[in-house]
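Enquirer: The residues making up each chain are set out below.
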Amino acid sequence: MNEPILKIENLSVDYVTGETLVRAVDRVSLDVKPGEIVGLAGESGCGKTTLAKAILRILPPPAIITGGKIEYRGKNILEINEGELRKLRWQKISIVFQSAMNALNPVIRIGEQITDVILAHKSVSPDEAYDRASQLLEMVGIHPIHLNSYSHQLSGGMRQRVCIALALALEPDIVIMDEPTTALDVIVEREILNQIKDLQARLGFSVIYITHDLARLLQFSHRLAILYAAHIAEIAPAQELQENPLHPYTQKLMRAMPSLVPSEVKPETIPGTPPSLASPPPGCRFHPRCDRAIEICQREKPPLVEKATNHLVACHLAS
Amino acid sequence: MRYILRRLGFYLVAAWAAVTLNFFLPRLMPGDPATALFARFRGQLSPEAMEALRETFGLTEAPLVKQYLTYLGHILRGDMGISVAYFPSEVSGVIATGLLWTILIAGTAVVVSFAIGTTLGIIAASRRGGWLDNVLPSVLIFVGSFPYFWLAMVVLFIMGFTLRWFPLGHAYSDNLTPSLSLEFISSVLTHAFLPVATVVVATLGGWLLSMRNNMVSVLGSDYVNLARAKGLKPARVIMRYAARNALLPSVTGFGMALGYILGGSLLTEIVFSYPGQGYLLVQAVRNQDYPLMQGIFLMITLAVLGANLIIDVVYLWLDPRTREIGR
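Residue numbers (my numbering), protein chains in the order written: chain P, 1 to 319; chain E, 320 to 646.
Just so you know, these hints were derived from the structure itself, not from any lab.
Being a predicted model, the structure only gives us computed values, none of them experimental.
A portion of the hints provided could be inaccurate.
To be verified - Calculated cross-link-like contacts (lysine-lysine; reagent style DSS-like; alpha-carbon spacing at most 27 Å):
hint: 1; chain 1: P; residue 1: 75; chain 2: P; residue 2: 92
hint: 2; chain 1: E; residue 1: 552; chain 2: P; residue 2: 87
hint: 3; chain 1: P; residue 1: 122; chain 2: E; residue 2: 552
hint: 4; chain 1: P; residue 1: 122; chain 2: P; residue 2: 75
hint: 5; chain 1: P; residue 1: 87; chain 2: P; residue 2: 75
hint: 6; chain 1: P; residue 1: 7; chain 2: P; residue 2: 33
hint: 7; chain 1: P; residue 1: 87; chain 2: P; residue 2: 33
hint: 8; chain 1: E; residue 1: 552; chain 2: P; residue 2: 75
hint: 9; chain 1: E; residue 1: 552; chain 2: P; residue 2: 69
hint: 10; chain 1: P; residue 1: 33; chain 2: P; residue 2: 307
hint: 11; chain 1: P; residue 1: 266; chain 2: P; residue 2: 301
hint: 12; chain 1: P; residue 1: 69; chain 2: P; residue 2: 307
hint: 13; chain 1: E; residue 1: 385; chain 2: P; residue 2: 92
hint: 14; chain 1: P; residue 1: 69; chain 2: P; residue 2: 252
hint: 15; chain 1: P; residue 1: 307; chain 2: P; residue 2: 7
Unchecked claim - Where chain P lies over chain E, by a calculated footprint (3+ residues, C-beta under 8 Å):
hint: 16; segment: 412-423
hint: 17; segment: 462-472
hint: 18; segment: 612-622
Said to hold, decoys possible - Residues from chain E shown here face chain P by an in silico Cβ test under 8 Å; the list is partial:
hint: 19; residue: 442
hint: 20; residue: 446
hint: 21; residue: 545
hint: 22; residue: 548
hint: 23; residue: 549
Even glycine gets a Cβ: it sits at the ideal position worked out from N, Cα and C.
Sequences are here, hints too, so could you generate the full structure?
Expert: Dropping the structure here:
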């Protein structure tokens with residue numbers, strides 16, 4: 001594939017708590033190419049959502065970006081002024097939040113929430129914006145009559161579809177999806193995922209898809225990044241990762257997935273709990289839970305190195 | 320619509336309960352207005368006149384039930400009897416003038432305080448950690464913590480007595496007769512300024528703080544964050560997405576404040592000798608003027624109920640979620 005459209009380099013985000021800093025994203029680097037679906041997987045609290053919000057610079061206080069670059073088409077998002085940032089938001093990069101329940105304003109009609117973003121970025125008349133909004137709803141399979149509805153009048157699945165329609169309103173280059181199906185049951189989830197895939201194939205936007213559901217990501221995305229305790233553990237194309245996981249954490253995640261076909265192999269659990277980011281373990285952050293940890297793992301943070309084409313891993317054992 | 324009717328029904332029952340209590344309470348107390356009035360005339364009234372007075376006040380020998388029904392009939396016609404303190408004026412007339420002045424000062428004070436406090440709350444929250452957010456709430460809460468009458472008297476002493484910037488009392492200059500002339504209106508305004516200003520200053524902090532806190536929590540919500548991510552103008556994010564929602568709890572407070580206007584302006588009117596409802600109430604108590612007291616209490620109750628009804632309706636309009644529950 002061609003040049004990356006989004007380049008995240010050594011990005012660090014800290015949460016300021018009193019005197020101390022808690023690093024939620026630690027020197028993370030990740031590329032997104034045009035038309036690519038990049039999966040971002042990790043346990044709760046590993047920094048997935050923080051990373052997503054950092055890209056649009058919508059991190060709520062007390063989170064601050066403390067280092068690195070986020071380049072969109074060669075321009076560092078972290079350095080542009082408010083006006084440029086406003087133009088970039090939604091027009092180039094949009095986001096679908098984890099909970100559609102809370103992402104839609106309860107006292108503003110759905111229609112206005114879609115048209116206002118169109119009117120803010122495009123020089124069109126309110127009528128044209130309204131027509132566009134009805135098309136968008138139709139595109140995700142919702143009757144345009146719901147432009148006059150409030151979010152509480154829609155079901156959870158419909159709300160999430162509205163959020164997806166909203167994210168595609170300006171045909172952005174990149175759509176960040178932060179666990180868009182968490183609150184939905186599996187059937188609705190499947191429908192929505194198929195819809196996202198369809199739309200993606202048709203419109204050609206890139207997706208950064210964030211979830212803790214590794215099985216889903218393996219079939220859904222082109223490339224996956226595994227995040228563990230604010231660090232990238234492994235990045236590889238989906239198939240490569242499935243067949244040849246190199247990081248012990250990834251391997252354990254794979255073994256933790258239940259199999260669809262009846263088999264003798266029982267899913268395994270990973271012992272222990274994710275470390276506190278306020279006082280992370282020294283060296284490799286996974287070593288306290290890794291049964292193959294060697295002496296160096298306790299001392300040195302393993303660098304992220306390319307082991308095979310496009311397959312990067314941060315593990316002392318792999319090198 | 321059905322929701323509004325149901326609320327209306329509820330308020331009618333509440334109003335009836337208030338009216339009934341209003342009837343029985345004075346009758347449980349010792350003394351009656353006719354005797355009080357009789358005493359005021361120092362024996363210059365004949366026993367027949369005394370009987371006639373009792374008749375006017377509805378304190379007949381008739382059974383309680385009959386008295387009650389007569390009373391209900393009178394109330395429905397807006398007839399609340401004859402005042403003792405302002406004998407022989409009718410209670411409804413006395414209350415009407417007092418009501419007007421109270422609504423003028425207390426109503427203005429509540430509306431102005433709500434508007435300024437809420438606006439400041441929005442600004443403080445949207446510039447969280449700025450000087451406005453750091454200094455203003457504590458200063459206003461400090462000022463608001465003084466006993467109101469003390470604060471009002473200090474202001475009256477300095478601005479009215481020492482500096483002579485404002486009149487010391489009453490609703491307008493004694494040498495004017497009420498008219499729509501510029502002179503009269505400006506006199507009313509200068510007389511109303513201190514009472515309104517002191518109430519505004521004393522209550523501003525509460526409005527500011529509650530709006531600021533609502534705003535802070537709404538600003539942290541996903542939908543506001545999404546509005547930011549949408550690249551909307553900051554003003555639109557703050558006003559349409561955040562303030563619009565943060566306003567809802569404040570509106571409830573505003574409704575309650577509106578309801579307490581009549582009962583709450585007692586201290587203001589005493590300090591500024593302002594001829595409103597509170598001032599009348601003091602007069603009524605001093606003169607054992609039961610009809611007037613009853614009338615005022617009734618007005619206070621009806622004001623609270625009326626304000627609640629208005630807020631119920633406004634809420635339907637402000638928050639679409641309440642419309643569903645109503646159906």
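Enquirer: For the segment 612-622 of chain E, do three or more residues have a beta carbon lying closer than 8 Å to a beta carbon of chain P?
Expert: This one is violated; 0 residues, fewer than the three required, reach chain P with a Cβ under 8 Å.
Enquirer: Measure nothing beyond the straight line between the CA atoms of residue 7 of chain P and residue 33 of chain P; if it is 27 Å or shorter, mark the hint as holding.
Expert: Holds, at about 9 Å.
Enquirer: Hint check: residue 122 of chain P vs residue 75 of chain P, CA-CA at most 27 Å. Holds or violated?
Expert: Holds - the C-alpha atoms of residue 75 of chain P and residue 122 of chain P are around 22 Å apart, at most 27 Å.
Enquirer: Does residue 69 of chain P sit within 27 Å of residue 552 of chain E, going by the straight-line distance between their CA atoms?
Expert: holds, 25 Å
Enquirer: Would you mind confirming whether the straight-line C-alpha gap from residue 552 of chain E to residue 75 of chain P stays at or under 27 Å?
Expert: Holds. Residue 552 of chain E to residue 75 of chain P sits at ~22 Å (cutoff 27 Å).
Enquirer: Within a Cα-Cα threshold of 27 Å, do residue 33 of chain P and residue 307 of chain P meet the stated pairing?
Expert: holds, 20 Å
Enquirer: Taking the closest Cβ pair, is residue 545 of chain E under 8 Å from chain P?
Expert: holds, 5 Å
Enquirer: Taking the closest Cβ pair, is residue 442 of chain E under 8 Å from chain P?
Expert: For residue 442 of chain E, the interface hint is violated, since the closest Cβ of chain P sits about 17 Å away, which is over 8 Å.
Enquirer: Under the criterion that the straight-line Cα-Cα distance not exceed 27 Å, is the pair residue 385 of chain E, residue 92 of chain P satisfied?
Expert: Measuring from Cα to Cα gives roughly 79 Å; hence the hint is violated.
Enquirer: Within 27 Å, alpha carbon to alpha carbon, are residue 75 of chain P and residue 92 of chain P?
Expert: Given pair residue 75 of chain P, residue 92 of chain P holds - Cα atoms ~12 Å apart, limit 27 Å.
Enquirer: Hinted pair, alpha-carbon criterion (27 Å max): residue 552 of chain E, residue 87 of chain P. Please report holds or violated.
Expert: With Cα atoms ~10 Å apart, residue 552 of chain E and residue 87 of chain P stay inside 27 Å; holds.
Enquirer: Does residue 307 of chain P lie within 27 Å of residue 69 of chain P when you go C-alpha to C-alpha?
Expert: Status holds; Cα separation ~24 Å.
Going through the hint list in order, the structure does not satisfy hints 11, 13, 14, 16, 17, 18, 19 and 20.
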